[in-house]
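Colleague: Residue numbers (the working numbering), protein chains in the order written: chain A, 1 to 354; chain B, 1 to 354.
Quick caveat, the hints were computed from the structure, so don't treat them as lab data.
Beta carbons are placed, not taken as given, at the ideal position from N, Cα and C, and that holds for glycine.
Honestly, I wouldn't trust all of these hints.
Here are a few chain B residues that face chain A, going by a calculated C-beta distance under 7 Å [as the list claims (entries may be wrong)]:
#	residue
1	ASP121
2	TRP124
3	VAL127
4	ASP309
5	GLY338
The lines below spell out each chain.
Number of protein chains: 2
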Amino acid sequence: MSHHMSEYTGPQCPIPISDYPTVMLAHGGGGRLTQMLIERLFLPAFANPALEALHDGAILEVNGIRLAFSTDSFTISPLFFPGGDIGSLAVHGTVNDLAMCGARPVGLSAGFILEEGLPMDDLWRAVQSMQAAAQAVDVPIVTGDTKVVERGSGDGMFINTAGLGLIPEGVCISATRARPGDVVLINGSIADHGIAVMSVREGLEFETALTSDSAPLVDVVFSILDQVGEQVHVLRDPTRGGVASALNEIAAQAGVGIRLEETRIPVGEAVRGACEILGLDPLYVANEGKFLAIVGPEAAEAVLATMRDHPLGQQAAVIGEVVADHPGKLLMRSRIGGLRVVDMLSGEQLPRIC
Amino acid sequence: MSHHMSEYTGPQCPIPISDYPTVMLAHGGGGRLTQMLIERLFLPAFANPALEALHDGAILEVNGIRLAFSTDSFTISPLFFPGGDIGSLAVHGTVNDLAMCGARPVGLSAGFILEEGLPMDDLWRAVQSMQAAAQAVDVPIVTGDTKVVERGSGDGMFINTAGLGLIPEGVCISATRARPGDVVLINGSIADHGIAVMSVREGLEFETALTSDSAPLVDVVFSILDQVGEQVHVLRDPTRGGVASALNEIAAQAGVGIRLEETRIPVGEAVRGACEILGLDPLYVANEGKFLAIVGPEAAEAVLATMRDHPLGQQAAVIGEVVADHPGKLLMRSRIGGLRVVDMLSGEQLPRIC
Numbered sequence: 001m002s003h004h005m006s007e008y009t010g011p012q013c014p015i016p017i018s019d020y021p022t023v024m025l026a027h028g029g030g031g032r033l034t035q036m037l038i039e040r041l042f043l044p045a046f047a048n049p050a051l052e053a054l055h056d057g058a059i060l061e062v063n064g065i066r067l068a069f070s071t072d073s074f075t076i077s078p079l080f081f082p083g084g085d086i087g088s089l090a091v092h093g094t095v096n097d098l099a100m101c102g103a104r105p106v107g108l109s110a111g112f113i114l115e116e117g118l119p120m121d122d123l124w125r126a127v128q129s130m131q132a133a134a135q136a137v138d139v140p141i142v143t144g145d146t147k148v149v150e151r152g153s154g155d156g157m158f159i160n161t162a163g164l165g166l167i168p169e170g171v172c173i174s175a176t177r178a179r180p181g182d183v184v185l186i187n188g189s190i191a192d193h194g195i196a197v198m199s200v201r202e203g204l205e206f207e208t209a210l211t212s213d214s215a216p217l218v219d220v221v222f223s224i225l226d227q228v229g230e231q232v233h234v235l236r237d238p239t240r241g242g243v244a245s246a247l248n249e250i251a252a253q254a255g256v257g258i259r260l261e262e263t264r265i266p267v268g269e270a271v272r273g274a275c276e277i278l279g280l281d282p283l284y285v286a287n288e289g290k291f292l293a294i295v296g297p298e299a300a301e302a303v304l305a306t307m308r309d310h311p312l313g314q315q316a317a318v319i320g321e322v323v324a325d326h327p328g329k330l331l332m333r334s335r336i337g338g339l340r341v342v343d344m345l346s347g348e349q350l351p352r353i354c
Numbered sequence: 001m002s003h004h005m006s007e008y009t010g011p012q013c014p015i016p017i018s019d020y021p022t023v024m025l026a027h028g029g030g031g032r033l034t035q036m037l038i039e040r041l042f043l044p045a046f047a048n049p050a051l052e053a054l055h056d057g058a059i060l061e062v063n064g065i066r067l068a069f070s071t072d073s074f075t076i077s078p079l080f081f082p083g084g085d086i087g088s089l090a091v092h093g094t095v096n097d098l099a100m101c102g103a104r105p106v107g108l109s110a111g112f113i114l115e116e117g118l119p120m121d122d123l124w125r126a127v128q129s130m131q132a133a134a135q136a137v138d139v140p141i142v143t144g145d146t147k148v149v150e151r152g153s154g155d156g157m158f159i160n161t162a163g164l165g166l167i168p169e170g171v172c173i174s175a176t177r178a179r180p181g182d183v184v185l186i187n188g189s190i191a192d193h194g195i196a197v198m199s200v201r202e203g204l205e206f207e208t209a210l211t212s213d214s215a216p217l218v219d220v221v222f223s224i225l226d227q228v229g230e231q232v233h234v235l236r237d238p239t240r241g242g243v244a245s246a247l248n249e250i251a252a253q254a255g256v257g258i259r260l261e262e263t264r265i266p267v268g269e270a271v272r273g274a275c276e277i278l279g280l281d282p283l284y285v286a287n288e289g290k291f292l293a294i295v296g297p298e299a300a301e302a303v304l305a306t307m308r309d310h311p312l313g314q315q316a317a318v319i320g321e322v323v324a325d326h327p328g329k330l331l332m333r334s335r336i337g338g339l340r341v342v343d344m345l346s347g348e349q350l351p352r353i354c
C-alpha cells in the first residue's frame, strides 16, 4: 500500500480514525454509524443536491421529466430464506426504493458478484426468482454485469440492483414535507423480514412459521398516489434499522417531532415472541414489504381505506402523528401510557439482513 | 438449503451442471464462459429487447427521450494500483459504458460492499478518488448504498456503479450497425491496464513504470460524435477480455467479419515486454481508457484526426476493417503476412482486473 500512501497529499479522513480505525459491521447496520459514514464521509465528498436530499433514491430532472434513480447491494445470508431469496429481495428492494420516491419503475440493472465455487444451481434459482419478481411488477431487467472473485474473497453471491423510475406529475414525495398535524400510517405488521431471516440463520424453531414480508410495494403505493397524490408528503420503507431508524431520519430531515402510539403498531404474535427470545426490539428490525406514509390529516382516512383494500395492506394502521414539539426526535407512548424517546439504532443489531 | 430445494419445481438450470457444477473464475473473465453464462442463463431468464441488444448499457426510451442505463461491479485487487484505484476505476468504467452507448452521463449511483476491518482511510481515499473522477466528467454521484460483510466474507471493498445517460438526437450506436467496408479505429495503445495491475499484483519490477490507462472517454467520444455522429456505427471499450473479445462479440452480433492488421495495433514497448514475460497476448488484456470505433469509411480520416487531437487519442490508429467474408469471426494479418483466426478469450486470463 506504500504506493498510494506516498502520493496522497489531500485532506484527511473526516471519520475520527482513533475511534474507528476500520470499518465495522455496524457501519452497515442502518443506524447511527451508517448515518455517520453518510454524513461525514459520503455527503461532503460527493456533495450535490440530489444526494443531499437523502432520499431512498435520487430525483433527477432530465429534459423536463422527473426520474428517480436508486441503488442497493444485497448481501443477505442465507441466500434462500422463508418467504424469499436474494433474487426476489434484490428486485423488491430497488422497486420499493423507487416507489418511495413516488416513481413507477422503468428498468432495473443487475450486478452479480459471485464467489468461485457457488453452486451453479443456486445462481440459476436466484436469477429465476429475480425475473419472477421483476415480471410481477412489469419492470424489465435491462442491463447487467457479472464478476467472479476467488474462493474466500466473497460469500456465495452478492447482487446489486439499480433502478430507474418515472415520477408522474403532481407527485412530490420528500422527507422535508412532513409537517405538524400529518398522520403516520404503515401498511401492516413490522419486523417480519428480519425475524424470519434470523430464525433460519440461528436455527431457531418456532411453533408458527415465520416468513419474510418481502414484497413489491409499487402497486399499493400507486393505488394511494393515484387517489390522493398531492396529500402524500413522505413515503419510506423501513428496511435496515427498522421503523425507529426511518422515522428518526425523517424527523431530523424535516425538523419536526414524530409521536408513535405503541398499541397501534401491528406486530404479529409469533414475531413478538421471537423478538422476546432473541432480545430484539421489533421497532429496529428490518422490513422488506412495509412502508410508512406520512400524509395530510384530511387524506388519512382515504389512505387507510385504500391500504386495507390492497392485499399488501390488510393490517394497515395509523400509528402516529407529526408534531411541532421535540423537533428531530421520535417519541412513543407506551402501552402503559408513558412517553419515551425512541432513538436510532446504535450498533449492529442484525448483520447481513438484506 | 433443504428449504428451497424442496419447494422448487420449475425448469432446470440451462448451464450443463455436469460440466460446470459451480461458478468458476473464468465465468467472470469476459471470455467464452462469461458469454455462455449470459447467453444460456441471463438472457433467457430476463428476456427483453433492451438486454438482448447486448450493449455496454441498455438504451431505454422514456417519454420521448433516449436514456442509456449501465451497471458495473468493481472487484479489482489491489484496491490501489499505478494510474488509478478502485474509486476512479468505478467511475471511469461506468461513464465509459454510457459513452459507448453514445450517451452523455447524467448521474451515477455508488454501492459499496465493505469487509469488516477495511481501513477507514482506504475507504476515504477511494471515495475522494471517485469524486475527483466524477467531477472531471462533470457527473454527480446522486445516490448510494453501503453494506458491510463480516471479515472473510468479502475482500476489502467492492464498488458497484450504475449510470444514467442521455443520448442526443442523431446518435445511433449499435453493434448491429457494423457493415462491410467500415473502418475499425482505436484511440491508443492496448493492454496497459491489465499489465499495470498484474505487475503490481505479482510484484514484478520492470525498467519502465507500467501505468493503467484508466480514463474517462466521454470527452473524446463526444468530440467525434459532435462532428460525424451519424457515421459512427459502433463504439465499444475493450475491458475484460480485451480487444479480441470485444471485436469477436461485435462480429457475432452484426454477422460480419472483422480483419485486423497486427502491425497497426499500438502496443507500448514495456507492455509488450511484460506480456512476453507473463505469457499474455495483449489482444486479450483489459483496457480501461481505450475504445474501438467502427465508422463508415468516408468518416474514418476525420475520426482519426479528431482522436489524435485529443489528449486521450494521440496514438490513435486505424487497426482494421469490417468485411463480408467469414461472418462472426475475427481474423488478423500477422507481422509476417499470414492470416489467422483470433478467438474469444477462453478460460480466465487475469482475475480481478476490474
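Colleague: A separate judgement is required for each hint: does it hold in the structure or not?
Modeller: Hints, verified against the model:
1. ASP121: holds, 5 Å
2. TRP124: This interface hint holds because 4 Å falls under the 7 Å limit.
3. VAL127: It holds, given that the least Cβ distance between VAL127 of chain B and chain A is near 5 Å, below 7 Å.
4. ASP309: Violated: closest Cβ of chain A sits about 30 Å from ASP309 of chain B, beyond 7 Å.
5. GLY338: violated, 35 Å
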